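Number of protein chains: 2
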Amino acid sequence: MGKSVLFFSMSLDGFIAGPQVDVKNPLGKGGERLHQWMFENVSPANAQMLREPAERVGAVIVGRRTFDVGVDLWGDTPYPVPSFVVTHEKRDPQPMKSARFVFVDDGIESALAQARAAAGDKDIIVMGANTAQQMLKAGLADEIVLQIVPVLLGAGSRLFDYIGNQPIELKTTRVLESAAVTHMTFEIAK
Amino acid sequence: MGKSVLFFSMSLDGFIAGPQVDVKNPLGKGGERLHQWMFENVSPANAQMLREPAERVGAVIVGRRTFDVGVDLWGDTPYPVPSFVVTHEKRDPQPMKSARFVFVDDGIESALAQARAAAGDKDIIVMGANTAQQMLKAGLADEIVLQIVPVLLGAGSRLFDYIGNQPIELKTTRVLESAAVTHMTFEIAK
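Taken in order, these protein sequences are the chains called E and B.
Oh and the first sequence: position 49 is 49 in the working numbering, straight run, nothing missing.
Oh and the second sequence: position 127 is 317 in the working numbering, straight run, nothing missing.
Derived from the structure by calculation, the hints contain no laboratory data.
Note that this is a predicted model, so its numbers are computed, not measured.
Some hints here could point you the wrong way.
To be verified - Some chain E residues judged to face chain B by a derived CB distance under 7 Å, without partners named:
#	residue
1	G75
2	D76
3	L153
4	G154
Even for Gly, the Cβ is constructed at its ideal location relative to N, Cα and C.
Based on the provided sequences and hints, a complete structural model is requested.
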């Protein structure tokens with residue numbers, strides 16, 4: 001069975017987007033700084049980490065807000081695999097170029113079950129801070145892959161917020177250094 | 191001239207202490223998890239990072255709250271060097287075993303100037319989240335040395351909070367991996 005993975009570029013102060021996220025600024029004000037490592041002076045380690053999600057992903061779980069601001073930008077599903085949108089709204093599936101969006105209105109566990117069925121042995125990538133937080137809080141996430149960006153944004157959307165106050169133990173399984181970003185992978189203890 | 195350094199063990203979700211910090215729980219509820227790496231199965235890299243602050247420190251700046259909960263625990267200044275307590279209260283210096291506490295009631299810049307004069311070529315270690323935040327916000331910090339602990343605490347005192355919303359660029363200057371903790375050093379761009 002594949003793993004459910006939170007895959008995020010995060011500032012050292014914990015933000016995965018700047019403030020005022022909307023369709024025009026899907027990463028919020030100043031948030032594009034967090035994705036700069038993908039485009040400028042890409043080192044071999046960074047190139048590997050850019051390829052990795054596409055190689056391992058079998059399904060995506062994406063929050064409604066991230067879907068709303070992302071869908072036009074992507075012009076497709078975020079990866080060419082079935083993508084499950086966690087929402088409160090009943091809505092028919094939306095076919096895209098390479099796969100389809102399925103709207104799940106009965107909670108994160110249902111979204112995960114459907115994503116697992118679609119992903120087979122491959123992994124499930126979780127997109128959107130709120131959805132990632134729900135996964136963490138419910139003990140449903142298996143792995144966290146972070147690109148730590150050497151900047152303090154000071155404001156925006158925090159990845160690790162609203163996850164309850166029960167400590168969640170992690171195991172550091174990989175650290176890859178580069179000038180632009182430090183890649184850190186954590187397994188979540190069960 | 192030495193550097194002003196923020197030296198903290200921090201959970202992956204950004205906490206340097208758990209909630210409810212007081213004299214009985216100077217690291218807050220559950221916060222002792224953050225210092226576990228100092229005591230259990232200490233690897234050579236971790237031992238080096240434990241020695242390093244003592245080797246480089248020439249003065250300390252410590253917040254009033256950290257002083258209040260720490261002074262009995264330390265039974266001395268936190269390092270054997272002059273230690274400047276940022277406070278709103280006028281108070282005479284307090285001699286300890288190896289050095290003295292000096293109480294600075296006219297702000298963080300004054301504390302830094304006095305600490306620099308005391309430290310000479312050595313570095314100044316900044317203790318306490320609030321004081322670290324004041325240093326960052328005022329552009330007075332030179333370096334951040336973090337021990338990233340693989341745990342999500344979910345609650346407590348965040349290191350990077352209340353630092354304004356102007357991005358602060360950093361440069362990653364060192365990453366040292368260990369099972370218990372990942373050491374990361376950042377230079378603050380000026």
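Taking the hints in turn, this is what the structure says about them:
For the restraint placing G75 of chain E at the interface with chain B, the shortest Cβ-Cβ distance is roughly 29 Å, beyond the 7 Å limit, so the hint is violated. Proximity of D76 of chain E to chain B is violated relative to the hint, the smallest CB-CB distance being about 31 Å (cut-off 7 Å). The interface hint given for L153 of chain E is met, as the beta carbon of that residue sits about 5 Å from the closest beta carbon of chain B, less than 7 Å. Checking G154 of chain E against chain B: minimum C-beta separation of about 4 Å stays under 7 Å; hint holds.
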